[in-house]
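*Asks:* Protein chains in written order, with full-length UniProt numbering: chain A, 1 to 371; chain B, 1 to 371; chain C, 1 to 371.
Derived from the structure by calculation, the hints contain no laboratory data. Fair warning: this is a prediction, and the values are worked out from it, not measured in the lab. Treat the hints with caution; some may be incorrect.
To be verified - Per the computed footprint, the stretches of chain B lying under chain C, defined by three or more beta-carbons under 8 angstroms from a beta-carbon of chain C, are:
| # | region |
| --- | --- |
| 1 | 85 to 96 |
| 2 | 106 to 113 |
| 3 | 156 to 169 |
| 4 | 184 to 197 |
| 5 | 323 to 333 |
Stated by the list, open to error - Dumping the calculated DSSO-like pairs for lysine-lysine here, alpha-carbon to alpha-carbon at most 30 angstroms:
| # | chain 1 | residue 1 | chain 2 | residue 2 |
| --- | --- | --- | --- | --- |
| 6 | A | Lys-230 | A | Lys-276 |
| 7 | C | Lys-317 | A | Lys-78 |
| 8 | A | Lys-318 | B | Lys-71 |
| 9 | C | Lys-317 | A | Lys-348 |
| 10 | A | Lys-317 | B | Lys-78 |
| 11 | B | Lys-317 | B | Lys-78 |
| 12 | B | Lys-317 | C | Lys-348 |
| 13 | B | Lys-71 | A | Lys-228 |
| 14 | C | Lys-78 | A | Lys-73 |
| 15 | C | Lys-78 | B | Lys-228 |
| 16 | C | Lys-318 | A | Lys-78 |
| 17 | B | Lys-318 | C | Lys-73 |
| 18 | C | Lys-318 | A | Lys-348 |
| 19 | B | Lys-317 | C | Lys-73 |
All residues carry an ideal CB built from backbone N, CA and C; glycine is no exception.
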Amino acid sequence: RTYTHTHTHIWSVSWAMFQDVHVMIFIGFGFLMTFLKRYGFSSVGLNLLLAAFALQWGLIMQGLWHLDDGKIKVSIFKMINADFSTATVLISFGAVLGKTSPVQLLIMTILEITIFSINEHLVAEILEANDVGASMIIHAFGAYFGLAVARMLYRPALRNSHENDGSVYHSDLFAMIGTVFLWMFWPSFNSAIAESGTDQLMAVTNTYFSLAACVLSAYAVSSLVEHKGKLDMVHIQNATLAGGVAVGTCADMDIGPFGAMIIGFVAGIVSTLGFKFLTPILASNLGIQDTCGVHNLHGMPGILGGIAGIVAVALGKKNGSAAMQGAALASSLGFALVGGTITGLIMKLPFWGQPPDQNCFDDSIYWEVII
Amino acid sequence: RTYTHTHTHIWSVSWAMFQDVHVMIFIGFGFLMTFLKRYGFSSVGLNLLLAAFALQWGLIMQGLWHLDDGKIKVSIFKMINADFSTATVLISFGAVLGKTSPVQLLIMTILEITIFSINEHLVAEILEANDVGASMIIHAFGAYFGLAVARMLYRPALRNSHENDGSVYHSDLFAMIGTVFLWMFWPSFNSAIAESGTDQLMAVTNTYFSLAACVLSAYAVSSLVEHKGKLDMVHIQNATLAGGVAVGTCADMDIGPFGAMIIGFVAGIVSTLGFKFLTPILASNLGIQDTCGVHNLHGMPGILGGIAGIVAVALGKKNGSAAMQGAALASSLGFALVGGTITGLIMKLPFWGQPPDQNCFDDSIYWEVII
Amino acid sequence: RTYTHTHTHIWSVSWAMFQDVHVMIFIGFGFLMTFLKRYGFSSVGLNLLLAAFALQWGLIMQGLWHLDDGKIKVSIFKMINADFSTATVLISFGAVLGKTSPVQLLIMTILEITIFSINEHLVAEILEANDVGASMIIHAFGAYFGLAVARMLYRPALRNSHENDGSVYHSDLFAMIGTVFLWMFWPSFNSAIAESGTDQLMAVTNTYFSLAACVLSAYAVSSLVEHKGKLDMVHIQNATLAGGVAVGTCADMDIGPFGAMIIGFVAGIVSTLGFKFLTPILASNLGIQDTCGVHNLHGMPGILGGIAGIVAVALGKKNGSAAMQGAALASSLGFALVGGTITGLIMKLPFWGQPPDQNCFDDSIYWEVII
């Protein structure tokens with residue numbers, strides 16, 4: 001038989017968690033990006049294409065490190081890991097959303113997952129670092145990889161924004177479908193590959209507390225920095241999730257509910273402030289046009305999660321070495337920035353059908369659209 | 001370790017049920033309320049804020065009754081109960097939707113959950129009444145609490161309706177996302193805290209049958225009372241769910257499929273007729289402006305569920321005392337009406353930023369909205 | 001006690017799978033059909049009505065074949081089968097979407113499920129054919145039943161299309177909610193009634209691979225056949241799912257990941273080509289107006305699945321007889337075409353309120369709609 005079969009109990013929990021992660025990948029990421037008023041088909045449609053391609057490529061790339069009698073054997077556990085590798089690509093997709101062709105994105109998928117699987121192997125097997133919820137190897141990696149690609153694909157003509165680079169009322173509601181599913185199922189994401197049932201339960205509850213606290217700080221800061229105390233939908237759609245990212249590395253550590261809530265609370269603040277103040281500076285001063293603000297949702301909270309992991313291991317909350325945790329964070333950032341830069345250069349080659357500036361953020365260049 | 005860990009089998013079923021309940025709270029309630037044409041951001045956005053805050057407060061309030069060595073210990077079971085306490089607030093939110101500020105709603109959350117946890121303790125521990133699906137302690141309680149608040153916040157100027165107090169085509173479709181997720185996962189809601197696997201299975205199937213029958217009567221009555229036999233989206237969005245509410249108290253009792261279907265069938269009739277005939281009377285004659293019609297979805301079906309529970313216990317379908325079931329219903333209604341009235345008076349104080357009449361049902365007072 | 005209770009482990013996996021199938025039936029089918037610009041209320045609303053009615057009728061019809069002491073006993077397994085019987089009706093509903101009254105559809109539901117349960121009994125119990133994911137008995141059956149009904153209800157006046165028989169931007173996004181939930185949870189559909197945990201895991205992974213490959217071929221072919229290499233939303237919404245249909249019969253057979261991927265890949269090609277070239281011919285030359293293109297999503301891929309099952313059994317991938325597999329396919333098609341024709345004739349009787357041509361594809365004939 002081609003398949004490995006795990007024990008029934010484990011299979012039932014794993015299966016529920018796999019389905020939750022699957023919903024995050026296909027509904028969560030897909031609809032979160034539908035906020036753009038004229039780019040919803042591409043957001044949810046290319047998300048489906050890239051994810052379906054990425055999980056196959058991810059199974060192969062990750063499987064090559066764990067050959068069993070010369071074959072890649074499939075299990076629910078490996079399907080979860082394949083979805084994880086897919087997440088890195090979808091995060092990077094967020095950074096370049098609206099400015100790349102499907103072919104460019106497929107090339108990015110192949111290269112990013114290849115590089116991801118090298119870094120993942122290094123972090124997990126060589127450095128033996130903890131990263132159960134993948135703050136470092138998925139979120140920080142995917143964000144900085146995407147930002148490096150975005151830097152390479154910089155479009156000076158879009159410096160003063162683009163008429164289609166924005167939302168309308170209903171597109172923001174579609175995006176909230178993505179946000180809420182991501183928010184609800186993030187505890188499954190952070191616990192799906194935990195080692196034991198006890199670790200899994202701890203990862204679930206820590207993530208639950210971090211996300212709950214993060215919502216409060218994201219709303220509070222959004223209201224503080226906006227005109228007349230109003231809320232900004234961009235913050236609510238994204239920064240409410242930063243707690244899930246930031247608690248990832250520590251999720252299965254005994255940091256306690258308050259530890260988890262502090263991480264989530266800080267992540268909500270950092271993420272919201274990033275959207276308000278940092279994203280415009282990155283675009284105008286550094287030439288990094290980050291369509292979805294992945295730096296605020298995945299980048300900074302991912303680094304925060306890596307640092308929290310270093311501190312927690314240093315405090316003895318989990319077996320491991322603070323130095324190795326630090327090395328894992330550095331490795332993830334290094335592979336992301338170098339890999340993303342090289343990938344961006346390849347994507348910039350003139351024969352991949354990159355859309356011209358005036359057709360950015362517009363479905364009608366790739367889809368039959370009836371207006 | 002801070003967490004209690006239940007046996008693996010139980011953990012896997014509980015986890016699946018928790019996730020279903022979580023989807024009901026965040027997607028179900030959140031999108032159900034997006035039917036208002038200009039209030040979708042607030043519906044799903046404030047739903048997220050209130051629920052994330054409420055579950056933390058609920059964990060503390062419920063945990064204080066069950067301290068373990070001076071500490072509140074967290075488990076999946078307690079997370080389910082925290083989501084339950086959240087549901088009461090979201091039901092009351094439906095009654096005052098569009099007419100209250102976020103600060104008013106946070107105050108309501110604190111007070112309502114505090115009062116809820118007292119009544120829940122009384123019903124479950126002192127009266128030892130059955131209410132597995134919480135027809136009385138969540139649905140009736142949340143509805144009458146919200147109606148009492150709405151009475152206190154009565155706005156004479158909105159007596160003749162408000163231009164934004166209505167739906168458009170796409171907002172009604174967004175609301176159907178909420179309806180359908182609530183409908184599908186209600187069996188998990190009514191069975192999540194059942195005592196044994198057998199009770200849980202019975203609660204699942206009874207709720208399944210009640211909901212299926214309720215859909216038929218809701219559609220039939222909607223068509224009967226509307227002009228030219230047409231269907232009204234308001235009825236479909238709401239009254240199809242009344243069967244889940246009404247079977248709640250009896251869900252784990254051996255009432256048989258036909259018993260469950262009769263309860264659901266009656267609930268669908270009562271709820272639809274309530275929307276058509278009672279809600280306008282409450283608004284015009286009693287000064288109770290119930291935006292979402294929670295009286296029809298949660299109030300009357302909740303009382304129906306309580307009465308069904310009294311009858312079922314009297315018929316020996318479950319251990320217990322019919323008198324105690326009656327006392328539990330009376331207690332839930334009493335706490336709701338008194339608690340809601342006091343809470344409404346506090347919410348009416350002039351410094352909580354209550355929106356003026358002309359800005360009701362309009363996101364743009366609290367959100368950056370691009371029209 | 002009225003209910004049968006299966007062992008705890010099984011109950012937990014079954015429950016998770018049941019909920020996934022339930023989501024496919026109510027959200028998946030319901031929203032998939034909301035692509036029509038003026039028929040979203042009917043799509044998701046009548047889907048709810050028909051499914052809630054069908055599952056009750058299906059429980060009875062299927063239960064009559066398996067009476068236990070003169071009674072129909074309910075279990076999660078039977079609830080899954082009831083949802084399956086519902087699926088046949090919803091597939092046929094797709095063929096006649098926008099052209100039938102609710103009363104006509106309820107009549108179709110009663111007749112179709114009755115005929116379905118006869119054919120299912122024949123295929124499973126008499127022929128003892130394999131069809132774990134129901135390529136033949138649900139997908140091919142439902143599609144050809146619906147096409148036969150559509151042929152009987154042929155409307156010459158709609159030969160040159162109808163102004164409301166099309167989508168708008170947001171209605172296509174609502175439809176993608178249905179597509180993505182169907183895509184994600186199809187592995188549960190194909191494995192829910194597998195005989196053992198090992199078979200279930202195999203059905204899950206085979207379906208997963210088939211669907212992943214199918215997405216790639218559907219996108220590729222859509223781009224090849226459309227003007228300027230663009231993608232067509234109709235293809236993406238539907239043909240990406242054909243792999244789930246086509247791998248159904250073989251899902252629990254040891255066909256290997258590559259076998260599953262080849263089936264999915266071919267299904268994606270056949271389905272997309274069907275939408276592009278065959279559907280217009282069926283409508284103009286044969287008088288079969290197939291609103292949702294169920295022939296492309298369920299019909300041809302269902303036959304493909306049946307043939308793949310014949311081949312796989314002939315190759316010894318599963319116990320069984322290739323002849324019996326062939327007989328099962330022939331029986332399913334025969335019952336569908338004859339049953340659908342008779343049902344269509346009954347539905348054509350003039351007193352069921354069939355909408356006039358000019359009111360087709362328009363909610364306002366059955367719903368209170370505020371434009």
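*Asks:* Are there hints from earlier that the structure breaks, and if so, what are their numbers?
*Replies:* Those not satisfied are hints 1, 2, 5, 9, 12, 13, 14, 15, 18.
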